[in-house]
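There are 2 protein chains.
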Amino acid sequence: MSDEIRSMLLEPIGIIHTPYKRREDIPRQGRLSREMCEIEVFPYFAEGLKDIEQCTHLFVIFWLHLANRGLLKAKPPQDGREHGVFATRSPNRPNPLALDIVELIEVDGNRLRVSGMDALDGSLLLDIKPYSAGIDSFPQARIAWQKDGGI
Amino acid sequence: MSDEIRSMLLEPIGIIHTPYKRREDIPRQGRLSREMCEIEVFPYFAEGLKDIEQCTHLFVIFWLHLANRGLLKAKPPQDGREHGVFATRSPNRPNPLALDIVELIEVDGNRLRVSGMDALDGSLLLDIKPYSAGIDSFPQARIAWQKDGGI
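These protein sequence lines are chains A and B, in that order.
Under this note's numbering, residues 3 to 153 are what the first sequence spells out, in order.
Under this note's numbering, residues 3 to 153 are what the second sequence spells out, in order.
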């Protein structure tokens, strides 16, 4: 396993441009925001975008560079009670990987214009995956401690 | 940025036990499988699981240790045409992060029994996040080149 652990080093594949310059500017849920954001994929990786314009929604994984990786409990802002970080979407977690689901508005070469992001401006992009309603949509999912549909 | 890049090293927080010992054993889509799998969170991180039993569905992010990180195109098995990797769910991608959405069946201390996984037995766990229908379910999402609901 030690070889695998040594190799778990991530490589930035792009940079995310958003209107959110400070943590306090970020909307609590990207989905609730209609702000337009831009995902710039570095030219070396642009070939990996072929046919992406055929997808209406995307998973975007990026690095939460301000995260505290040592925390295992979090208090979601709208809840106030302490939960384990793996039961919350807190940015403070051992592997600070952010997961946004965005709507793809426009593709211009290696730049994707999207809505629904909650990334800090300048965040490093790690991966993009197509969202498929057939395998990714679970409208029946429930979180018992969640009252208002947020996390 | 160089400091950030150096720090993008992932830490395994657990290990995933599945019936799939070889790549060819893995179902094409975890969602279509009813096999029971077990996520073992290492004791050091178990505190982060508090209240997770209140979630019906979870995002599970794990490391695809057999991936070829140099590929930027992929041919999905049911499609046969070549697409950019970021428009597919191919395991071969620059940052080989797998994203499964699983149904949580049972919690036993630091072990979660789940269905819907497509991980190779022994895969290293990176993160768990609660799936919220309110922010994560997009039944209207479409992928134009996808005919059968698969990727």
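FYI, nobody ran anything at the bench for these hints, they're computed from the structure.
Where hints are given, some of them may not hold.
The list cannot tell twin chains apart, which means a pair is met if one copy fits it or any two copies do.
Quick list of in silico lysine-lysine cross-link-like pairs, DSBU-like style, CA-CA up to 30 Å [stated by the list, open to error]:
hint, residue 1, residue 2
1, 75, 52
2, 23, 77
3, 52, 77
4, 75, 23
Hint check:
Taking the shortest Cα distances, residue 75 and residue 52 sit within 30 Å of each other only across copies (8 Å), while inside one copy they are farther apart (40 Å). Taking the closest pair of Cα atoms, residue 23 and residue 77 come within 30 Å of each other only inside a single copy of the chain (23 Å); across copies the shortest separation is 38 Å, beyond that limit. For the homomeric pair residue 52 and residue 77, the shortest alpha-carbon distance between copies (12 Å) is at most 30 Å, but the shortest distance inside one copy (40 Å) is not. When the C-alpha separation of residue 75 and residue 23 is checked against a cutoff of 30 Å, the pair qualifies only within one copy, where the shortest distance is 26 Å, while the shortest distance between copies is 34 Å.
Checked against the numbered hints given earlier, this structure breaks none of them.
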